[in-house]
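Asker: Construct all of the structure, not just a fragment, from the sequences and the given hints.
So the protein lines, in turn, are chains A and B. Counting from 1, position 89 in the first sequence corresponds to residue 89 in full-length UniProt numbering; the numbering is continuous, with no gaps. Counting from 1, position 128 in the second sequence corresponds to residue 128 in full-length UniProt numbering; the numbering is continuous, with no gaps.
Calculated directly from the structure, the hints in this document are not laboratory data. Don't take each hint at face value.
With a cut-off of at most 30 Å between alpha-carbon atoms, the simulated DSS-like pairs for lysine-lysine come out as follows [stated by the list, open to error]:
1) B:K253 / A:K218
2) A:K56 / A:K130
3) A:K216 / B:K255
4) A:K149 / B:K15
5) A:K210 / B:K272
6) B:K312 / A:K210
7) B:K255 / A:K27
8) A:K56 / B:K174
9) A:K27 / A:K216
10) B:K272 / B:K328
Derived contacts from chain B toward chain A, CB cut-off under 7 Å, selection only [said to hold, decoys possible]:
11) L61
12) F65
13) A89
Note that the structure is a prediction, hence the values are computed from the model and not measured. C-beta atoms are modelled at their ideal positions from N, C-alpha and C, and glycine is treated no differently.
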Amino acid sequence: MIPADSPVLILGARSDMARALAHEFAKEGHPLMLAARNADTLSEDMTDLEVRFQAKVTAHDFDILDVDGHAAFLGNLPEVPAVVVSVVGFMGDQDESAINPDAARKVIDTNFTAPCLMLELCAGRLAELKRPTAIIGIGSVAGDRGRAKNYVYGAAKAGFATWLSGMRQKYVDSQLHIMTVKPGFVRTSATADMDLLGPLTDEPEAFAKKVMKALKRKSQVYYDIKWRAVMGVITHLPERIFMKTKF
Amino acid sequence: MSRVETLSGWGRWPKRDCVVDDFDPATDTPDRFNHSTITRGAGRSYGDAAMNPDMTFLGPLRNRFISFDPEAGDLVLQAGAKLSEVLEAFVPRGWFLPVTPGTKFATIAGVLAVDAHGKNHHAEGSFGDHVNWFDLMQADGQIKRCSPKDSVHLFNATIGGMGLTGHILTVSIKLRRIETAWIQQKTLPAANLEQAMQLFEDHQDATYSVAWLDCLAKGDARGRSLIYLGEHASVAQLPAEQRSKPFDYPAPKPKSMPIDAPNWALNRFSLKAFNYLYYRKGTKAPPVELVDYDRYFYPLDAIHQWNRLYGKRGFAQYQCALPLASAKEALLEQLDAISKAGLGSFLAVLKRLGPGAPNRPLSFPIEGYTLALDFPLTPQALTLMDLLDEITIAHGGRLYLAKDSRMTQATFEASYGDALTQFRALRRQTGAYDAFQSLQSRRLNL
Ligand SMILES: Cc1cc2nc3c(=O)[nH]c(=O)nc-3n(C[C@H](O)[C@H](O)[C@H](O)COP(=O)(O)OP(=O)(O)OC[C@H]3O[C@@H](n4cnc5c(N)ncnc54)[C@H](O)[C@@H]3O)c2cc1C
Chain A
1 MIPADSPVLI LGARSDMARA LAHEFAKEGH PLMLAARNAD TLSEDMTDLE VRFQAKVTAH
61 DFDILDVDGH AAFLGNLPEV PAVVVSVVGF MGDQDESAIN PDAARKVIDT NFTAPCLMLE
121 LCAGRLAELK RPTAIIGIGS VAGDRGRAKN YVYGAAKAGF ATWLSGMRQK YVDSQLHIMT
181 VKPGFVRTSA TADMDLLGPL TDEPEAFAKK VMKALKRKSQ VYYDIKWRAV MGVITHLPER
241 IFMKTKF
Chain B
1 MSRVETLSGW GRWPKRDCVV DDFDPATDTP DRFNHSTITR GAGRSYGDAA MNPDMTFLGP
61 LRNRFISFDP EAGDLVLQAG AKLSEVLEAF VPRGWFLPVT PGTKFATIAG VLAVDAHGKN
121 HHAEGSFGDH VNWFDLMQAD GQIKRCSPKD SVHLFNATIG GMGLTGHILT VSIKLRRIET
181 AWIQQKTLPA ANLEQAMQLF EDHQDATYSV AWLDCLAKGD ARGRSLIYLG EHASVAQLPA
241 EQRSKPFDYP APKPKSMPID APNWALNRFS LKAFNYLYYR KGTKAPPVEL VDYDRYFYPL
301 DAIHQWNRLY GKRGFAQYQC ALPLASAKEA LLEQLDAISK AGLGSFLAVL KRLGPGAPNR
361 PLSFPIEGYT LALDFPLTPQ ALTLMDLLDE ITIAHGGRLY LAKDSRMTQA TFEASYGDAL
421 TQFRALRRQT GAYDAFQSLQ SRRLNL
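Answerer: Take a look at the structure:
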């Protein structure tokens with residue numbers, strides 16, 4: 001068990017899902033370090049956490065794509081976190097990223113290269129603490145099967161999940177727990193331009209509560225139960241059939 | 001980014017494709033649209049109040065808490081926050097909602113916009129009575145602070161105003177102090193309507209009171225009910241082992257209705273049996289029990305998507321308020337009409353209402369009684385509800401807009417009377433008429 005007074009670092013703290021996860025950690029009493037670009041614009045979110053849960057919150061400027069700055073960023077934090085949550089992600093425009101190398105690189109770097117390198121760095125630090133710690137990486141079901149609609153994003157998220165899976169094996173003998181979370185369609189601004197599958201859609205708060213529960217029971221890979229069934233079918237469809245579906 | 005979603009209210013009828021988008025006050029000022037819009041909270045109103053095919057803004061992501069004054073109990077928050085979020089944050093610190101509807105998944109804005117009443121209406125009035133102020137974005141995009149002192153007409157029209165005066169952005173409400181998360185519940189059986197009403201009158205000093213009513217009982221047993229009284233429990237009233245953790249209670253196990261029930265699942269016989277057994281069980285319940293606030297106030301929330309019980313066709317909730325003087329007569333006529341039609345309701349809820357708020361034109365409660373019933377959406381039920389409308393109007397009663405999906409403009413006008421003229425005038429003056437419309441406001445020509 002990770003003690004309730006140990007700090008949690010949230011990377012990409014501005015998203016709706018990050019906010020909902022921050023609420024859950026704050027409710028348990030964890031101090032929070034919110035990291036995002038233009039950290040001074042996080043003040044409303046800091047106040048929110050203070051008013052709701054009397055949480056101790058700090059905000060920190062952080063750009064996931066500034067890979068060379070990752071180590072300094074970690075070193076400059078007021079405390080070493082016991083939990084690191086990466087909610088970093090960028091959907092991009094599928095058609096654009098399929099043909100434009102810069103657009104493709106941005107999607108791949110933001111969802112794969114940069115967060116993986118950052119979490120690798122964090123894993124090293126956390127494992128050294130030699131007490132219970134955790135890393136939570138928010139991936140996506142989009143990484144489980146390439147779909148015409150979003151396969152550049154999906155490919156990056158697939159890589160992210162694979163990287164975390166490798167890290168999990170690497171650190172199996174440590175007290176660091178690594179959890180991959182694969183949301184389906186959570187109703188956030190980021191999914192706003194996708195066709196939402198009504199009943200499979202979760203509100204960010206409801207989803208965050210499930211993630212917390214999954215962390216407590218030490219899940220390795222967490223899907224929402226509804227998605228487990230859907231993805232179970234989808235990942236097992238033979239490619240020659242899957243390619244013809246409209247999913 | 002906007003998208004098209006098929007929306008409905010909690011009753012799942014009517015359904016319509018609506019353009020939806022998360023509401024952002026920085027960019028979504030009404031003057032940017034050449035058509036009307038409406039804001040939607042959690043979609044817990046039953047009918048078509050929070051639907052506009054041209055643009056339905058979604059409010060719940062604007063849920064930040066802004067400040068809390070622990071002396072006064074004043075909480076300021078963005079209006080998309082849900083009641084559940086307030087409870088989660090403040091019950092452990094000894095604060096409770098001043099008034100709450102029977103679902104905690106409603107938003108602050110939604111509860112303000114319908115001026116919701118709770119089980120304490122007879123003593124505490126409705127939600128609007130506990131609002132210090134709110135900020136409203138009007139048709140011209142300007143944001144106005146409304147309170148009982150500032151912009152008081154707008155304040156009154158917006159409370160209960162069904163989103164038709166503007167977007168509610170930020171709200172300040174007064175929380176009430178509690179010592180524990182528990183309610184002392186007392187169950188009193190009443191053999192018929194007369195007894196039930198007498199019990200309500202005898203217990204006007206109870207903090208909370210509400211009755212479940214068996215609307216299929218006939219003859220002398222018409223209106224047979226179980227009255228539930230409630231008081232916030234003090235620490236001393238808790239069992240010794242719980243006193244050190246007065247705000248802890250066992251988390252309810254969420255259940256859900258994963259699929260639609262077939263249409264035949266609820267028929268006259270299953271309803272009759274259910275009502276009979278429920279009443280029997282109630283008469284045998286211990287007269288006083290400790291119940292946690294979740295189970296006391298929000299029993300239906302424990303079953304997610306219970307609205308699927310009525311199958312794909314959806315259902316309607318019929319809720320009327322009847323003035324004290326004629327309430328008994330009106331209720332007996334309505335119970336007769338229901339039993340003649342052979343259409344029971346799973347949930348029939350009766351509640352004594354305290355004085356209404358005559359200066360809020362669309363606020364629903366009036367001093368007297370309110371009855372709420374659920375009916376599956378069948379032609380017979382629609383006919384029955386028309387008949388119930390006639391009885392309601394004949395006795396000077398009215399229907400609740402938060403539950404309505406089907407009343408006619410004539411029924412509405414006959415029941416809300418002059419206040420409507422006032423509300424319509426305010427909408428014209430402020431430009432709200434063109435800027436804010438819902439399917440309901442169009443149906444009722446609001
Ligand atoms: C199980 C259950 C029990 C209930 N029990 C009670 C009860 O005991 N007493 C009672 O009074 N009601 C009760 N209700 C009704 C409920 O309180 C209302 O329908 C409430 O409005 C729901 O809030 P919402 O956030 O879901 O609003 P919605 O249904 O989404 O919207 C309701 C109205 O609020 C307006 N609105 C929403 N957000 C804004 C905004 N930001 N600015 C302006 N307007 C806005 C909408 O335009 C619409 O007119 C119950 C409902 C359910 C499902």
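Asker: All hints, please: hold or fail.
Answerer: Results for each hint:
1. B:K253 / A:K218: Holds - the C-alpha atoms of K218 of chain A and K253 of chain B are around 20 Å apart, at most 30 Å.
2. A:K56 / A:K130: Answer holds: K56 of chain A to K130 of chain A is near 24 Å, not above 30 Å.
3. A:K216 / B:K255: Status holds; Cα separation ~21 Å.
4. A:K149 / B:K15: Measuring from Cα to Cα gives roughly 28 Å; hence the hint holds.
5. A:K210 / B:K272: 38 Å, violated
6. B:K312 / A:K210: Status holds; Cα separation ~28 Å.
7. B:K255 / A:K27: The hint holds at about 23 Å.
8. A:K56 / B:K174: Judged against 30 Å, a Cα distance of about 25 Å means the pair holds.
9. A:K27 / A:K216: Answer holds: K27 of chain A to K216 of chain A is near 14 Å, not above 30 Å.
10. B:K272 / B:K328: Distance ~23 Å between K272 of chain B and K328 of chain B Cα, so the pair holds.
11. L61: Nearest chain A Cβ about 6 Å off; hint holds.
12. F65: 4 Å, holds
13. A89: 4 Å, holds
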